[in-house]
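Turn these sequences into a full structure, and let the hints guide you.
If you're matching positions, the sequence shown starts at 1 in UniProt numbering and goes up one per residue.
Honestly, the hints are just simulated from the structure, not real lab data.
Heads up, none of these hints are tricks.
Distance condition first, Cα-Cα at most 27 angstroms in a straight line; then the derived DSS-like pairs of lysine-lysine:
#, residue 1, residue 2
1, Lys133, Lys151
2, Lys129, Lys66
3, Lys152, Lys133
4, Lys252, Lys129
5, Lys152, Lys66
6, Lys129, Lys152
7, Lys252, Lys133
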Amino acid sequence: MSGAFEFILAGMLVGFCVGITGVGGGSLMTPILISLFRIEPHIAIGTDLLYAAISKFCGSMVHARKLNIVWPIVLWLAVGSIPASFITSWVLEHYLSQSTHYKAVLTMVLGFMLTLTGVSIIFRTRIEKFFNKFRSKEVTQTENEQLAIHKKRSFIVIMGIILGVFVTLSSVGAGAFGIMALVIMFPNLPMIRIIGSDVVHAVLLTLVAGLGHMSAGNVDFTLLMWLLVGSIPAIIIGTLISSRMPERLIRKILGITLFALGVNFMVHPVKAKPKAPVVQQQAVVAEKTGNSTER
Numbered sequence: 001m002s003g004a005f006e007f008i009l010a011g012m013l014v015g016f017c018v019g020i021t022g023v024g025g026g027s028l029m030t031p032i033l034i035s036l037f038r039i040e041p042h043i044a045i046g047t048d049l050l051y052a053a054i055s056k057f058c059g060s061m062v063h064a065r066k067l068n069i070v071w072p073i074v075l076w077l078a079v080g081s082i083p084a085s086f087i088t089s090w091v092l093e094h095y096l097s098q099s100t101h102y103k104a105v106l107t108m109v110l111g112f113m114l115t116l117t118g119v120s121i122i123f124r125t126r127i128e129k130f131f132n133k134f135r136s137k138e139v140t141q142t143e144n145e146q147l148a149i150h151k152k153r154s155f156i157v158i159m160g161i162i163l164g165v166f167v168t169l170s171s172v173g174a175g176a177f178g179i180m181a182l183v184i185m186f187p188n189l190p191m192i193r194i195i196g197s198d199v200v201h202a203v204l205l206t207l208v209a210g211l212g213h214m215s216a217g218n219v220d221f222t223l224l225m226w227l228l229v230g231s232i233p234a235i236i237i238g239t240l241i242s243s244r245m246p247e248r249l250i251r252k253i254l255g256i257t258l259f260a261l262g263v264n265f266m267v268h269p270v271k272a273k274p275k276a277p278v279v280q281q282q283a284v285v286a287e288k289t290g291n292s293t294e295r
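This is how it looks when you write it as structure tokens:
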């Protein structure tokens, strides 16, 4: 079992990468906990969801102070994601948690989301350039922004539902994947407002999903404390020196790493040891009893 020092170092590593690249901690933290520290998938996901909610909260306050949040987008995303998260948590606790495929399902979904996140990080610049072609040269006015949101409410809600399910199952996707979806839906919206809206929605979603996992006993609070001790100062340091670091190179390395981890999780999911059937156990007991009687 790893000690506090190793968990603090992991928090520092993830926090530093988040500070430099802006990529959500969930994409990094959950794979590290599962692959490096051998934490059970459901514990790693549940703990990481609350970790993400707390660590993203400070960023959301900064965006709120700078008026970088489009609240109608946050609202409609939450309309889809919050109920979806509740339902997914309920299904996990009452049905899937009793299955021998529980860990395999969680790690395969985690792998799928990591590959998507890795691709979105690697090709983020190209994706943004492509959709910049559709951006209006004029400054987006509030009336046009509200009209675009009104027309695409159903798409925003559907996107929220998708994020609610997959983030609850894997703790990954609220950051990079959510931003790419908003870029596609709102090509005229300034990137800083897309990021601000996504961060605030991610705080709400990861908090709700984390509380759902907490009710099922999937959160290690000691682990959570040590991760936060390491990551919060590292996020601040990473943010301060981000302008001096080769962000593009770090993003590419990060994206390739997440993609490789995702493929590995899908090909080699964590499996629970199969339990012996009750009939087989009874036969073994009966055989032992018969042998002892003969003696």
